[in-house]
Amino acid sequence: MLLIKCPWCGERDESEFSYAGEAHIARPLETEKLSDEAWADYLFMRKNPKGAHREQWLHAAGCRRYFNAERDTVSYRISATYKIDEKPPRDQSRNQS
Amino acid sequence: MSRYSIFSLVRNALSYHENWSAAWRSPEPKAQYDALIIGGGGHGLATAYYLAKEHGMKNIAVLEKGWIGGGNTGRNTTIVRSNYLWDESAHLYEKSMKLWEGLSQDLNYNVMFSQRGVYNLGHNLQDMRDIQRRVNANRLNGIDGHVVSAQEIKQAIPEINIDQGCRYPIIGASFQPRGGVARHDAVAWGFARGADRAGVDIIQNCEVTAIRQENGVVTGVETTRGAIKANKIGVVVAGHCSVLAEMAGFRMPIESHPLQALVSEPIKPVINTVIMSNAVHGYISQSDKGDLVIGAGIDSYTGYGQRGSYSGIEHTVAAICEMFPMFKRVRMNRQWGGIVDTTPDACPIIGNTPVKGLYFNCGWGTGGFKATPGSGWVFAHNVANGEPHELNRAFALDRFVTGFLIDEHGAAGVAH
Amino acid sequence: MTQRLRTEAGGRVDRECEIQFSFNGKNYTGLKGDTLCSALLANGVHLIGRSWKYHRPRGVITAGAEEPNAIFQMEKGNRTIPNARGTQVELYDSLEAHPVNAWPSLDFDLMSINSWFARMMPAGFYYKTFMWPKAMWMKYEHFIRKASGLGVAPRENDPDRYEHTHQHCDVLIVGGGVAGLSAALAAARSGARVILADEQSEFGGLTLASPTRIDDIDASQWIEQAVAQLAAMDEVTLLPRSTVFGYHDYNFLTINQRLTDHLPLSERNGGREKVWQVRAHQVVLATGAAERPLVFANNDRPGTLLASAVSTYANRYAVKPGKRAVIFTNNDSAYQTALDLKAAQVEVVAVVDARSDSSSELANTVRSAGIQVINGSVVVDTSGGKHLRSVQVMRLSADGKSVSSNPKSFNCDLLALSGGWSPVVHLHAQSGGRPVWDDETAMFCPGSPTQAQISVGGANGELGLAGCLVEGTTAGNDAARACGFDADSKPASADAVTSDAILPLWNVPSPYTRGRGPKAFIDLQNDVSVADILLAVREGYQSVEHVKRYTAMGFGTDQGKLGNINGMAILAEAQGQTIAETGTTTYRPNYTPISFGAIAGQHLGDQLFDPVRKTAMHVWHQENGAEFENVGQWKRPWYYPKNGESLDDAVNRECLAVRDSVGILDASTLGKIEIKGADSARFLEMIYTNNWMKLEPGKGRYGFMLGEDGMVMDDGVTIRLGEHHFFMHTTTGGAAGVLSWMDRWLQTEWPEMEVYLTSVTDHWATAAVVGPKSRDVVSAVCEGIDFSAAGFPFMASRNGTIGDIECRVNRISFSGELAYEVNVPANHGRYMWEKLMQAGKPFNITPYGTETMHVLRAEKGYVIVGQDTDGSVTVEDLGLGWAISKTKADFLGKRSLRRLDTVRKDRKQLVGLLTEDPHSVIPEGAQLVNDPRAPVPMPMQGHVSSSYFSACCGHSIALALVKGGHHRMGETVYAPLANGRVIKATITEPVFYDKEGSKPDV
Amino acid sequence: MSDLFERESPLVEIKLGEAKGNAPAIEEKPFLGYLNLRGKSGHTGFQAATLKVLGVEPPTEANTVIESNDIRIYWLGPDEWLLVTAAGQQQAIKAELMSALDGVFSSVVDNSSGLAMIHVSGANAAALIATDCPLDLHPREFKPGQCAQTRLAKAGMTISLLPDETGFEIIIRRSFADYLLLWLQDAAIAFE
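Chains as they are written, first to last, in numbering that gives the first Met the number 0: chain Z, 0 to 96; chain E, 0 to 415; chain G, 0 to 1001; chain P, 0 to 191.
These are computed hints drawn from the structure, not numbers from a lab.
Bear in mind the structure is a predicted one, so any value in this text is a computation, not a measurement.
Accuracy of the hints is not assured; some may be wrong.
Stated by the list, open to error - Here are the simulated DSSO-like pairs of lysine-lysine, each with C-alpha atoms no more than 30 Å apart in a straight line: (1) Lys-51(P) / Lys-153(P); (2) Lys-94(E) / Lys-962(G); (3) Lys-29(E) / Lys-228(E); (4) Lys-49(Z) / Lys-29(E); (5) Lys-267(E) / Lys-46(Z); (6) Lys-355(E) / Lys-46(Z); (7) Lys-288(E) / Lys-859(G); (8) Lys-634(G) / Lys-39(P); (9) Lys-407(G) / Lys-322(G); (10) Lys-893(G) / Lys-267(E); (11) Lys-39(P) / Lys-4(Z); (12) Lys-49(Z) / Lys-355(E); (13) Lys-75(G) / Lys-153(E); (14) Lys-28(P) / Lys-634(G); (15) Lys-97(E) / Lys-133(G); (16) Lys-14(P) / Lys-634(G); (17) Lys-885(G) / Lys-859(G); (18) Lys-267(E) / Lys-693(G); (19) Lys-32(Z) / Lys-133(G); (20) Lys-693(G) / Lys-32(Z); (21) Lys-267(E) / Lys-133(G); (22) Lys-153(E) / Lys-634(G); (23) Lys-14(P) / Lys-4(Z); (24) Lys-49(Z) / Lys-228(E); (25) Lys-322(G) / Lys-25(G).
Can you make the complete structure from the sequences, with help from the hints?
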């Protein structure tokens, strides 16, 4: 059972959350100009990595906020959670350095 | 190489079973093969078997990163059925069912395929509409099955609770008499032995680390046991297909999730068939050893950890206790998890990829075991001929671009 | 029967308190403090079961969780327990136990004939046979199944309750032996929240009744004091009879606490078991170590026990497990057993030690006690039937690989085995750690932890008492400090004992050709022998997992706790590998089997399996005879049968009442979402397929929501209450999903939009008043609203009052009739409903349920998302292309509508069907074909999604999704049914009633 | 029909009796006013309006509850609060808030019939709730002034300590209230 740190509410049991898929998939702006392939890429294609994965969660039984998490898909360790408008932790450190 | 039979068993008993030969060899990998199958699960081994048997390809190897049959083949609840809704799926799974029906004899290995029937329960009016629709479609597709009432279910399974006052009462079910279960490990071993006898090299502890290609054409792989050349490569790695796709430079419409299962302690026979409920999330049958074999749900998050969340077990066990209240005092012995690769339409992807000579067979989600022989059979055709068989044409990767999805969510759910 | 094998003194049994019990139909007497097994041994009962495959006689071999043999069917009827482990069953008055897997009786088991055919039944024999003739497999299997399994599942419903609790703690300590107690004391003294769980009824573990001293007092006294200290601390929870059965991610552990199984049936009140779901900051695993047996020919006869179990029976339970004992060991610990037996006045014939020399203090004490020690020798075989009679001993060669000299036979009825110790690493491994093989001690010890967890004492390979005290205390201090507490406890002291090294001995050398002699068992429950492992290896099953699966080693109820390490070592030997290379199989929950009922807990039954959501008018519906339908978690009135009416009769009556006069439907379950903010309309433009910018306040509009794949996801009417204020209705089942869907877009994709969403599904109770007389009814009840046709047009919304209560009335119709949906705060729901019923009396207002609602809407061709759609249907497919804006640049799902598949002309499209025979109703779910005589597989054209007899049209009506259906009006299709009947029907427009749509404007 | 009750609590079907043995007391507090408030806490217009009507700004610290002008204000999210008022007060407060917030991006929604309140008090109150609530209710962790949205069994809920710290206040959606009460009553058997 995961223990997930909601960026607002703090650490809570997995059962309060629902998983919402890969993070940082921006919806294309001018969808009508996209090729079928590009649209399929947005719609269906996923990284699905074995290892570090950035993903969205919803604190469904809590504050009802979506947020992002970076989780290892093998160890299930969550190295960071961050708000939707925040950058992923590693990008942040890169900006600082 | 000895054939298996009661006679060979008696003969070998006299010599203390010291003269049995290996079921399959453990050769060193050669530098080059005509075709490589990556993934030594049931589907991969079946592919190799049918490549040799149906397409005359002998110089082929199966590369397995661990031990054969160690992925979902050895971790599922072994349910076999073909009562799928859509024509494309129904024909594919029915092909598989027909192969199952002669598989032990074909392989000369008893895979203990036991056609004790499969019930898919309906708990509300919409469930029953969907069941009617699916059974009618099955019938017209030549697949056995009929709709049964709660009373008929009770007659067949006296232990089941059909009290209409319970939270989600059992209203009726579809029943496929030809459905059943098989001994999962034996399926992998039987195909391995069959493939080996046809000359296929089965190479365990050999992990593929890179897929080599030139100008969009596949040329071979790098492995932990050296580079191997081949112009035809079939990838059948269940949960890990995204990892292999990434090696080959493309992405798949796939997410890998944990799926859990559990067994009880062995008890004397009490359930003689297979009972599946999508609505309350529990699947149950009883193995020949006496364990109640129970399938739980899929976890919502992705995971390669071969384990899921306890809450999923809790929910499934409650569902089983609702259906079989007397099992509350039976005890759960062991639980485990597999990695299932799910697609947006709950249907597999079998066919060509953007890389020429590289073929993928994946996305079976929670339902791959039942398809093992059929999947291997069509994929062997695809690998041998470079293009799909009629039975797997609809399962091409490009359906996610064109939109020709085969939406089996309603029919498959998390069905095993 | 007398307890003829009781010791004269000592033990932790209460000699004053005799307990009557029965086994296998015979009555016996035991003592309070006994387990079922200790009581049976005290009575000289050694044959307690039969093995799974060969039905060989089996006796108790352990005193704990690793017991594979002593498996019982406890009690009868609804309280029966299959496969109870007698070593862990506390004796209670009138206990009734039965053997499993023996027929017709334990003493004379017909299936033991299997033993004669054993040579025909090596590992995996069934894979090689039973294949011919093909059709016979199910027959063969029938007999295989009959022979399978151990105990019998109850056939009656369980009368017991099971409880759950969720707890958090700073330090969870698993195992209450001296290491665990030391850890608990250290952590608890710092003030940390501590949970200490132990599977036994008493804390103390193996030390409990051992003749050792701690802090210069008897060990058992020290244990009592430690437990008393812990019990007195507020933040300490002591859990005896509690097995930690699972160790999951993020230090989430599950504990099964047995509350009543140790009590006589008549005294069992309250919950039977309780599952604790614990989230711990730090975990200390003090699960101890388990002794291994030794593997040699006929090592399975009743009377063969682990040496440590022998000590436990003698010291703790005051039982002599035999009268003449031989001890067979390869390490020092069994020498203590020799002393314990001597103290219990059991004759110790010899200690057979595989090591050529044993000169530790303990070994010398044994010698000085006059016990014969035979070094450099091994037991190679045994004899006896249902009880051990003698053992054969041979000298071990210098290289330890063979035996020489003639066997020496020793008569004995007890053989105590010690093949070394295995730390109980199960939970460590479950937590993600990897056990590491240590050649010197011949143990798999815990590797580096991957969670905040540490193993101590026996579980960490520390077998000495002094070391356990130190490791436990240190771990307790460290764990408490890691949680922010000051902890500085000092360990209790005990004498350090030195011992000689173990001589690892796996497949004990024997005079027999490998694999040929009598069976040498590894897994006693599943009858896996050395020969089976050798065969598996010979046949190419090389991975430890293959061997396990091929031989069924470790698949029993003990999950290989007793035999697996021996099996893996013998496998390694056979393959010429090291044990580290071979490795272990995966350790998985559960540590020991747990009742399904305990895992399910309270989540059972008609009220608690899943929430039952009820509307504010639910009680009224009940009082007025409604039958209910489950719609998601909601209970909705399905129909209201009167005077024994059938569903059809009731629905016909309800439909006609609505069409002719007025009906009333509880529509409270529809999802309701308030949408506020300056960008609300812009937001809806993206969410829905149609236009929202120009909708005027006070008016509503019907909309479709698509997934990004372009398929219909939800539908409903949304009303504009103000410039920046909308009120959305969703389907009943879709409510939660739609809110999350919209929240997601707002939070993740369009955070700049000024839109707030609030779910008010539960706040409003809604009554749909439907039919030509609906205006008369609502206008009599709702005040402050102009109900005239002009003043309150179709799709308008008005606010008014019912007495003092605010109400909102929407003129929406899902039936094609004049209709009003009256909404009030749900606390007033029943009041509103009864007021409407009262006002409707002159018009014979008729309550109707979902079934009539379905018929009414089908008569008008209105779809139900989820019934007429299945996730593969577009708005165009439904023939509702008008609902898709041609002017908007974008909305969710729009781009998908241009894909090759979605623009196909021959997609399945919604049509109506009129049957040739107006009274025959096509069953919902029927498939449609062009030619019912076509051969199978018959090409299908589509299926019937909704179908009813329409009382008001006087004929059956159906909605169907048919390939290219929009262009096939007037064509004939057939529905071939399962019973052979074929129903012929004509494709029509999906509107059957009031095609002009004039009715709502009456 | 003079016998008509104008209003009914969602727990109309449940019998709440005296607590037995060591079981906690379970009481319903019916007919309170519940307003859902949304707005940007840093926004000056929002601050001014809430200060004016409520006497305080809604709490910005997550999972806290404050009381002002006899209104309990629960943090539900970074831009969302629940106001619990005395019975019948909600309409007036809603009107005041809406008028004060005119022109400010915000939302005030009456959810008074959509929620129900249950008090669980007595020595075993925390243990009763812990039967299927994953939140740590130990006094070291869950203190006065805190609130949390979490779940109890399969129902979402908002929980806080009673002002006198003798137990807990649970706010639950109307349609789940019945289920939750039955759960608690069933769980309470263990303490009888």
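### Message
For each hint given before, does the structure comply? Return the numbers of the non-compliant ones in rising order.
### Response
1, 5, 7, 8, 10, 18, 19 and 23
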